[in-house]
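First residue of the sequence shown: 1, per my numbering; consecutive thereafter.
By construction, these hints were calculated from the structure, which means they are not laboratory data. Here the structure is a predicted model, which is why all the values come from computation and not from measurement. In this text, a Cβ means the ideal position worked out from N, Cα and C, and glycines have one as well. One or more of the hints may lead you astray.
[Said to hold, decoys possible] Simulated restraints, written as ranges between beta carbons of each label pair:
1. 8 x 85: 30 to 36 angstroms
2. 48 x 90: 43 to 49 angstroms
3. 62 x 88: 22 to 28 angstroms
4. 36 x 158: 42 to 48 angstroms
5. 36 x 88: 33 to 39 angstroms
6. 8 x 38: 25 to 31 angstroms
7. 98 x 151: 47 to 53 angstroms
8. 129 x 14: 50 to 56 angstroms
9. 132 x 61: 20 to 26 angstroms
10. 141 x 31: 27 to 33 angstroms
11. 108 x 128: 37 to 43 angstroms
[Unchecked claim] Below, in silico cross-link-like pairs of lysine-lysine (BS3-like), each with a Cα-Cα straight-line distance of 27 angstroms or less:
12. 79 x 92
13. 78 x 92
14. 79 x 66
15. 162 x 132
16. 78 x 66
17. 135 x 92
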Amino acid sequence: MSPNFYQAGMLPFLLLLGLTIVIPLLTNTQLHAGQIFLLAGMTMMSLLMARNIPLFTVIAIPILSKCINTASLHPTFKKIETNIFSLQSQLKSQWIFIAIIFTAFFVINNYANRQTSILQFNPNVFPVQATKWLKDFPQAGNMFNEFNWGGYLEYQLYPHQKSIPR
């Protein structure tokens with residue numbers, strides 16, 4: 001399934017995709033042909049199938065880190081880095097407390113906005129009603145299913161029914 005850019009979960013991928021284009025141009029870093037082909041291929045694969053986005057991330061981050069490392073030699077970046085280090089030394093003992101408060105706020109806010117269980121499956125994406133019917137009326141043998149539903153069906157129906165993706 002190709003990525004749906006209307007979902008908020010795709011925003012980090014879009015941001016990384018944009019940074020992958022912008023950072024090498026801004027830093028004037030010469031990338032090897034292999035790195036360019038690798039980034040282009042993984043970008044294409046990630047745009048075709050959302051399951052390839054983590055692989056794109058694993059490929060893109062080290063290449064972007066190299067580009068940023070070459071840019072960090074610029075005096076402007078050195079000044080920003082010293083400002084961050086001074087702020088970090090002031091907040092050194094408070095990072096854990098800030099992280100716990102931020103995480104608790106995020107979880108509580110996210111749960112309060114949903115007002116439902118966190119582990120629900122979207123019936124517009126997954127065959128929720130069909131799975132409920134299969135639990136009520138078990139079928140003999142293996143079943144064929146849509147490839148993207150295989151994990152959901154295994155999660156809901158295993159071990160009584162096994163799914164085979166087509």
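Comparing the hints with the structure gives:
no., hint, verdict
1, 8 x 85: 30 to 36 angstroms, "33 angstroms, holds"
2, 48 x 90: 43 to 49 angstroms, "46 angstroms, holds"
3, 62 x 88: 22 to 28 angstroms, "24 angstroms, holds"
4, 36 x 158: 42 to 48 angstroms, "43 angstroms, holds"
5, 36 x 88: 33 to 39 angstroms, "35 angstroms, holds"
6, 8 x 38: 25 to 31 angstroms, "28 angstroms, holds"
7, 98 x 151: 47 to 53 angstroms, "36 angstroms, violated"
8, 129 x 14: 50 to 56 angstroms, "33 angstroms, violated"
9, 132 x 61: 20 to 26 angstroms, "41 angstroms, violated"
10, 141 x 31: 27 to 33 angstroms, "52 angstroms, violated"
11, 108 x 128: 37 to 43 angstroms, "27 angstroms, violated"
12, 79 x 92, "20 angstroms, holds"
13, 78 x 92, "20 angstroms, holds"
14, 79 x 66, "20 angstroms, holds"
15, 162 x 132, "15 angstroms, holds"
16, 78 x 66, "16 angstroms, holds"
17, 135 x 92, "53 angstroms, violated"
Against the hints set out earlier in the document, violations occur for numbers 7, 8, 9, 10, 11, 17.
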